[in-house]
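Number of protein chains: 4
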Amino acid sequence: MEMNKLFTIGVLTSGGDSPGMNPAIRAVVRAAHTNNADVLGVVDGYEGLLNGEFRHLGVRDVGGILQRGGTILQTSRSPRFMEAKGQREAIRRMNEAGMDALIVIGGEGSLKGAYALHQQGVKVIGLPGSIDNDVWGTDISIGTDTAMNTIMDAVDKLRDTASSHRRAFLIETMGRNCGYLAAMTGIVCGAEIILIPEVHVTVEEVGKIIEDAYTRGKTHAIIINAEGSGHNTTELANALEAMDVGFTTRVTILGHIQRGGSPTAYDRLLACRMGVKAVEGLLEGKSGVMTGLKGQDIEYTPLEDVISNKRTANLEYYQMTRVLAR
Amino acid sequence: MEMNKLFTIGVLTSGGDSPGMNPAIRAVVRAAHTNNADVLGVVDGYEGLLNGEFRHLGVRDVGGILQRGGTILQTSRSPRFMEAKGQREAIRRMNEAGMDALIVIGGEGSLKGAYALHQQGVKVIGLPGSIDNDVWGTDISIGTDTAMNTIMDAVDKLRDTASSHRRAFLIETMGRNCGYLAAMTGIVCGAEIILIPEVHVTVEEVGKIIEDAYTRGKTHAIIINAEGSGHNTTELANALEAMDVGFTTRVTILGHIQRGGSPTAYDRLLACRMGVKAVEGLLEGKSGVMTGLKGQDIEYTPLEDVISNKRTANLEYYQMTRVLAR
Amino acid sequence: MEMNKLFTIGVLTSGGDSPGMNPAIRAVVRAAHTNNADVLGVVDGYEGLLNGEFRHLGVRDVGGILQRGGTILQTSRSPRFMEAKGQREAIRRMNEAGMDALIVIGGEGSLKGAYALHQQGVKVIGLPGSIDNDVWGTDISIGTDTAMNTIMDAVDKLRDTASSHRRAFLIETMGRNCGYLAAMTGIVCGAEIILIPEVHVTVEEVGKIIEDAYTRGKTHAIIINAEGSGHNTTELANALEAMDVGFTTRVTILGHIQRGGSPTAYDRLLACRMGVKAVEGLLEGKSGVMTGLKGQDIEYTPLEDVISNKRTANLEYYQMTRVLAR
Amino acid sequence: MEMNKLFTIGVLTSGGDSPGMNPAIRAVVRAAHTNNADVLGVVDGYEGLLNGEFRHLGVRDVGGILQRGGTILQTSRSPRFMEAKGQREAIRRMNEAGMDALIVIGGEGSLKGAYALHQQGVKVIGLPGSIDNDVWGTDISIGTDTAMNTIMDAVDKLRDTASSHRRAFLIETMGRNCGYLAAMTGIVCGAEIILIPEVHVTVEEVGKIIEDAYTRGKTHAIIINAEGSGHNTTELANALEAMDVGFTTRVTILGHIQRGGSPTAYDRLLACRMGVKAVEGLLEGKSGVMTGLKGQDIEYTPLEDVISNKRTANLEYYQMTRVLAR
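Residue numbers (our numbering), protein chains in the order written: chain A, 1 to 326; chain B, 1 to 326; chain C, 1 to 326; chain D, 1 to 326.
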């Protein structure tokens, strides 16, 4: 009988995965069941929504995932869903399955998809999941803290060997469009210089900074290069070698290691709070918003604002790196 | 010649040490030198201030400490400094050494000492360093994030073995007067129940909650007991065994492990920002304030307010644990 | 048709779990399938063997478990299996399921059970899984290396804070009957003294050693106390406080944390090699033996010898701790 | 008075640094002082020997270094020392300083230098320090276990995200001449295939293996490529992408991260045992030997044999990877 049917929330993860997606899924499931709602997990992001790949998620199904990296629901990029036809199909699948609302966990592109569904009348709330911290409308996204710690641990290891050898280390981090992650990381890694999309620095300037560090008597130098900085990591290293800056330069390319790892306490806490808040929001009738951290509170921001604004690196952090590397 | 003398800032760490004190010291030193000020490190907290145990800290002296736990300046508790006579002696030592201002990194008791000096005309700024997060006037203190991750890593290991065996684990954490650390940790550890000073729970209630978890089909249960909860950890474990709650109960007492470890990215970032802000404040003539995190910003709060207000655990977190443990 | 039936190997984990049991299970399954044999996982140790709780394990079923602590097959202690009646029942269950041979992963008690089955004609090979390293017939058991690293990481954290404060830390480790784990750990932790079942040391002697460390100018002291040393950890700490040995003493009880954690490289390698070797042994018709590490090789040792000899701590290590703590 | 002069041991670290060098230095110093000998630390390897850069090392000077990566004595490569003239100069410096014997911690090249000194009458004992495990005459070198765990932790993180995305990951590890490290690591990482100098595999064969993994239903594939395998990492990734093997391929280049990190328990234990053994050997009049692990014992091997034999990867491990990746 329709009247007895529980309110059913779908949950999906989309785009590049980020650590903390699993705790967010767990929070959604447990908060929903606490509030007498039901949950359908959507496998493989929007692609699974299109294909109707749903599975019921009870409270025990999310046991033991709090500490696991990645996402148990898997994720993908779905070009088909970018088109109106794909979205129509997805909505049909949701209706067939009796899904009353949807929670989307992902980065900027994924939240665009969420907004498109909202515009077509679907009840949807987004959670920002991104290691790059490039989502507007939240102080920080789920996954950024873990990624920052992962890079930091790697650089700490480099420093052990650096001070035994007098070396400069050039580390490539993620951050194709936004240098936020790199800017924060530079401070906590004691980097000499951070190369990010938002600030243009020439190879010669980099060389000068490293040479200065050498002459100031530092035993090593750390350079953080965000993917989207405009400098190819290998070419930059070769250029520095050719310039003779005092230190010899060695390269580390972290790659997808930055997406992995058990989520930190900070990311778990953020994911749990946002997951609970999203369920509460849907049950109160909210839609078309994203949960965001504002100071100490989790608040709702319209998805329309989220996707029409661009987040850039905090340049205060960028400057501070130069002070602290003295 | 006196006119050429640089503005000289003393820096000390006091009370229980917390991870992140070293990055804070490094930031103070590097920011001071960037601003043409000089730094004297005070060894052993207020006790060293009393005894004039100062050493000059140049930019190279704080190289390689960013990732180290503890504090290179050591710390102690100083009953002598609690008295007016001790404070007078300390001020004389500061004047002898040409120390123009002081930065104090520590918990509530240490900040009280800082306020006493301020009242006697010393220029002083405090930084909150506390794993318990019991300092009023800042969203979070330096060291809390690291401690939370340390406890979480320990509980993650317990969970590995717990689900192989069907066990309840009782973990004693720090938090003599304030359950903040325990309340946050409970969420990220997936605890069934958190015992904190702010909320009274009887042994019978604990037993009932664990028994419920057993009957709901959970493979294990985690109980977090803050030192100051009113429950002795060993006695509580014995009581649970006697009650037969389904699971057998095993005890872990983490002790000072919670104070150690390389500071997390979050704590390093917070310490760096606060260290820089404190130096800026002193150079602008500020005194009698503490740097605190308010949302995304580091702001000054009067020490008078800090020490006359009491921080307690966030009870929203306390409740959320119960929801998420379902 | 019976003639086409694959050779079927059962695999179970028993007793206290140890990190590396999952890689061992994975190796058994993958090596078996490579050799055209089939595998049945026995849930819950000998208790599951008695109850016929078997599940088929294909190569994909053990994907993703290489890095997980605990055991996916769960484990238990089974008093019923200790009796002839229980063993008869277990053999009947094995026959019913077409299980041709059994691999048992566990400590001394579990290997006794394996020998009992062997005596009754069951083809069985054992793998030593024990964090205490108390199994005779192998240089080291699966799980010991991980446990040693876990304790070491905890003590490293204590040392951070210890040198900020001048403290003695008393750490209780596992090792009820055998001090092997504690003796190895003492060296790698820089312990002042190790208390183990094999060597009797009085409280006064412990106090003298710690006092000596204090007068020699050490900034901290580490005491490792194995569960079975004869000293109650809390009482020993109180006694040291009462004696005034220079340092104040703080207690850490690690408990089951020592059983958890992702297995180290060493434990994974050992588990993989032993799992493969056990399958090869069964297919060659061997029975009643345990795989053991002898130097660089994995060799078979008769279970009869394994269970009739007692492993004790390496006293060379015990002595070396005293030298290295100077 | 010459008669009262203590036997004085020099200690140096040379070549590429490896985790565990610091515990080895600590063990040398503490064992020497226990035996009434004195220790001079040589800064910067053979270069420092040539230049007479010695500093006295007392028992307290090596406090707090047990857990630190790198080497407090720093290291370098010294072309000058490769020539007879340089060696003569070094011997003169040793005599000037009253250095009676030398302990050299390093890889193959460094041990060649030690042998050259031995041939010229200097009392010298070597310790194998190498993350590549390419030193003949010991089951394993100091640093290999830590490097293996570092790579493994990185790959574990990749696997989190890999199974969310269906990816192949290509990881470049160290190992210019010897694939030992890569071969061991492949097993513990669950690699599909390991590329090492000792075994030639074509790009087509790699592609076939990854495609097989895809069709067998694996959610990801790991490829370990040792530096000296003959395959350039980036080019190999591009070739795999061009071949369309089912998975898309992503690259990680770990670089010097593999040399860093706090030494594992295994490496600390090995370093401590070898350091003590080297001191004992010198005091017993031994020279021209290296301490090596043989099974459970530390034994001496003539340096002449060490440098005239070449260590290669264990091909048993290489094969086992293929079995376990099924």
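To be clear, the hints were calculated from the coordinates, so they are not data collected in a lab.
Please note that the accuracy of each hint is not assured.
Because identical chains share one entry, a pair is satisfied inside a single copy or across any pair of copies.
Said to hold, decoys possible - Each computed EDC-like pair below joins lysine to aspartate or glutamate, with the alpha-carbon atoms no more than 20 Å apart:
1. K294 / D139
2. K208 / E53
3. K85 / D139
4. K85 / E204
5. K208 / E280
6. K310 / D139
7. K286 / E83
8. K208 / E235
9. K294 / E316
10. K286 / D244
11. K208 / E108
12. K5 / E96
13. K294 / E53
14. K294 / E205
15. K286 / E89
16. K112 / D38
Keep in mind it's a predicted model, so treat the numbers as computed, not measured.
Okay, the hints, checked on the actual structure:
1. K294 / D139: This pair counts as both: shortest intra-copy Cα distance 6 Å, inter-copy 12 Å.
2. K208 / E53: neither (55 Å within a copy, 31 Å between copies)
3. K85 / D139: Neither: 34 Å inside a copy, 47 Å across copies.
4. K85 / E204: neither (51 Å within a copy, 40 Å between copies)
5. K208 / E280: neither (54 Å within a copy, 27 Å between copies)
6. K310 / D139: within (13 Å within a copy, 27 Å between copies)
7. K286 / E83: The answer is neither: 25 Å in one copy and 58 Å across copies each exceed 20 Å.
8. K208 / E235: Within one copy only: 17 Å inside a chain, 32 Å across chains, cut-off 20 Å.
9. K294 / E316: both (19 Å within a copy, 16 Å between copies)
10. K286 / D244: This pair counts as neither: shortest intra-copy Cα distance 59 Å, inter-copy 44 Å.
11. K208 / E108: neither (36 Å within a copy, 36 Å between copies)
12. K5 / E96: within (14 Å within a copy, 45 Å between copies)
13. K294 / E53: Neither. Shortest intra-copy (34 Å) and inter-copy (43 Å) distances fail the 20 Å Cα cut-off.
14. K294 / E205: Answer is neither; intra-copy 36 Å and inter-copy 35 Å both fail.
15. K286 / E89: neither (23 Å within a copy, 60 Å between copies)
16. K112 / D38: neither (25 Å within a copy, 49 Å between copies)
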